[in-house]
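Enquirer: Next come the chains, spelled out residue by residue.
There are 2 protein chains.
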Amino acid sequence: MTAASPRTTAQDAVLALLLEVTGTPKPGNVDRHHDHDDLRFEHFLAGAVGAEPAFRSVPDRPLGETFRRAVEGMSHQRGGNTQFGAILTVLPLAYADSAVDLTPTGATAVVESTTVDDAVGFYRAFDAVDVAVDDPPQGMADLDVHRGGDAAGALRERGLTLYDVMERSAEVDGVAAEWVDGFPRVFEAAERIREDDGPLPDRAARAFLDTLASDVDTFVVKTHDRETATRLRERARAARDGDVDPADLADDLVAEGINPGTTADLTAGALFVALRRGVAV
Amino acid sequence: MTAASPRTTAQDAVLALLLEVTGTPKPGNVDRHHDHDDLRFEHFLAGAVGAEPAFRSVPDRPLGETFRRAVEGMSHQRGGNTQFGAILTVLPLAYADSAVDLTPTGATAVVESTTVDDAVGFYRAFDAVDVAVDDPPQGMADLDVHRGGDAAGALRERGLTLYDVMERSAEVDGVAAEWVDGFPRVFEAAERIREDDGPLPDRAARAFLDTLASDVDTFVVKTHDRETATRLRERARAARDGDVDPADLADDLVAEGINPGTTADLTAGALFVALRRGVAV
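Sequence order for the protein chains is Y and L. Number 1470 in the working numbering belongs to position 231 of the first sequence; there are no gaps in the numbering. Number 1418 in the working numbering belongs to position 179 of the second sequence; there are no gaps in the numbering.
The hints are simulated quantities; they were obtained by calculation from the structure and are not laboratory data. Among the clues, some could well be false.
Selected chain L positions facing chain Y (in silico; Cβ < 7 Å) [what the hints assert, rightly or not]: (1) Val1253; (2) Arg1271; (3) His1275; (4) Arg1279; (5) Glu1281; (6) Leu1284; (7) Ala1285; (8) Val1288; (9) Gly1319; (10) Gly1437; (11) Leu1439; (12) Val1518; (13) Val1520.
Not close to chain Y: a few residues of chain L, all C-beta gaps over 12 Å, as computed [unchecked claim]: (14) Thr1354; (15) Asp1389; (16) Asp1435.
Just so we're clear, the structure is a prediction, and the values are computed from it rather than from any experiment. Glycine included, every Cβ here is placed at the ideal spot set by N, Cα and C.
Please take these sequences and the hints and turn them into a complete structure.
Expert: Shown next, in the form of structure tokens:
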């Protein structure tokens, strides 16, 4: 059995973000051995440290407001969007850990209790940073996240909670799908990390590859197309199964500009759960 | 001109520790591309995150107590002593930044105002982690830092402040020398980082090499001998001047087990000063 974490919930949230970007190779993403041209490892360090004060207000402040504050804090670096999706994944888990319990049931209780104000906070977070998202469905232009805080009126008029917003994105967004489904991929990857051996970043990298080989990365669908994302899943399977060196896949994806960001977000969530459950660094 | 930092003093203290271990190559030290066998990059991540709550109590709690709490927090990882010296370097600068001003004069005012209680806190920090230090001078066995908190009686009896303790170590310890001399190497390296171009970790690595080429690293004197340390300074000069590839020197030093830890501590201090003075990440 493992002991509980020696750190606070907020400290483990920050450490999960830091360990996520450290694990290597995480094909296509910034990691300890890979940078993108304008998005570098140190931007993720500053992003994680910038989000820290907001994590400390869990569970006392509402989730949507905390999310907005975390993203604003994250944005004080030159890389742009470093951890928007990772924070969106970790935050409800942090609330579950602090106020309910850190299980699929606890996390579901947290997300289902979000309010219209939480939805407004979520939209306001888009004012702080440029996030790659799809255009809204027809008839939903007033809920385009690019409107940021200006969408508050439309959210209130329709009475949409943050859970409602996530439900509407669950088919096209892997993080939203976790919110709606009880975080199954996150908890599964956390167990994989717990049961694995060796340095924790290496275990995170293996869990990342496993998730990438199992599910289509929705960020790749958004930034490229579904065909690229489906083909990526096959390439990840080859790497996971030992037919391709994961390090080579990593180099190829950086060169091709394919960045499976959603899988990284889920890995951050898995690291948070693993740390809270006592996995030692 | 640069703007002020968008982060709090505590956030910049943590970020300085994270950026310090990221800069590469920092010959002989753990960095983004180098681990030691039992002391790995992720131990430094957990060390920095662990120290964070203590940094937040600056300047309200006494320096010695804050130092002990920071080191205890730092110790919750399996690598052992990751940032004892870096925290000892950054902490008085954080007090200067919060309560006086972040200049050699301000830092000197902070260290000169330390008390006997601060000295006791410093000694108690040694209870949390195994730190490589010299044996105490003859007649000072009751002040051996290995005694940790048990030395409290001897410190009180002799009326030694933390500044007094540092003064007695300044000849053999590079961090203690900074305390006593007004942090000249730290502020010089901070200016170098400010004036340099490119990604911040690269600038930190160049400042590290410059410091290593200028001064004998006292941690290498302690863990090896003066000859090794003097020879290391010459090797660092060759790397700084382009006669040797710094990356090759880094690989050699890791293989030889030579770890210029004091120079890394001073680099962490320099990064803290640079961040507070508005250098952007």
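Enquirer: Against chain Y, with CB atoms and a cut of 7 Å, does the hint on L/Gly1319 hold up?
Expert: violated, 12 Å
Enquirer: Quick one, is the L/Gly1437 hint okay against chain Y at 7 Å, beta carbons?
Expert: This interface hint is violated because 11 Å lies over the 7 Å limit.
Enquirer: Under 7 Å is the threshold here; is the Cβ of L/Arg1271 close enough to any Cβ of chain Y for the hint to stand?
Expert: Given a least distance of 6 Å, the restraint on L/Arg1271 holds.
Enquirer: Against chain Y, is L/Ala1285 within 7 Å by beta-carbon distance?
Expert: holds, 4 Å
Enquirer: Let me know if the C-beta of L/Leu1439 comes in closer than 7 Å to any C-beta of chain Y, holds or violated.
Expert: holds, 6 Å
Enquirer: Please verify that hint: L/Val1520, Cβ, nearest Cβ of chain Y, below 7 Å or not.
Expert: holds, 4 Å
Enquirer: Does L/Asp1389 really sit off the interface, with its C-beta more than 12 Å from all C-beta atoms of chain Y?
Expert: Correct as stated: the minimum Cβ-Cβ distance to chain Y is 24 Å, above 12 Å.
Enquirer: Hint check: is the beta carbon of L/His1275 less than 7 Å from a beta carbon of chain Y?
Expert: With a minimum Cβ separation of about 12 Å from chain Y (threshold 7 Å), the hint on L/His1275 is violated.
Enquirer: Close enough to count: is the Cβ of L/Leu1284 nearer than 7 Å to one in chain Y?
Expert: Status holds, d = 5 Å.
Enquirer: The hint names L/Glu1281 as touching chain Y; please verify it with the least Cβ-Cβ distance against 7 Å.
Expert: Hint on L/Glu1281: holds, closest Cβ of chain Y at ~5 Å, below 7 Å.
Enquirer: Return the status of the interface hint for L/Arg1279: holds when the least beta-carbon distance to chain Y is below 7 Å, violated otherwise.
Expert: This interface hint holds because 6 Å falls under the 7 Å limit.
Enquirer: With chain Y as the partner, please determine if L/Val1288 meets the hint condition of a C-beta pair closer than 7 Å.
Expert: holds, 5 Å
Going through the hint list in order, the structure does not satisfy hints 3, 9, 10, 12.
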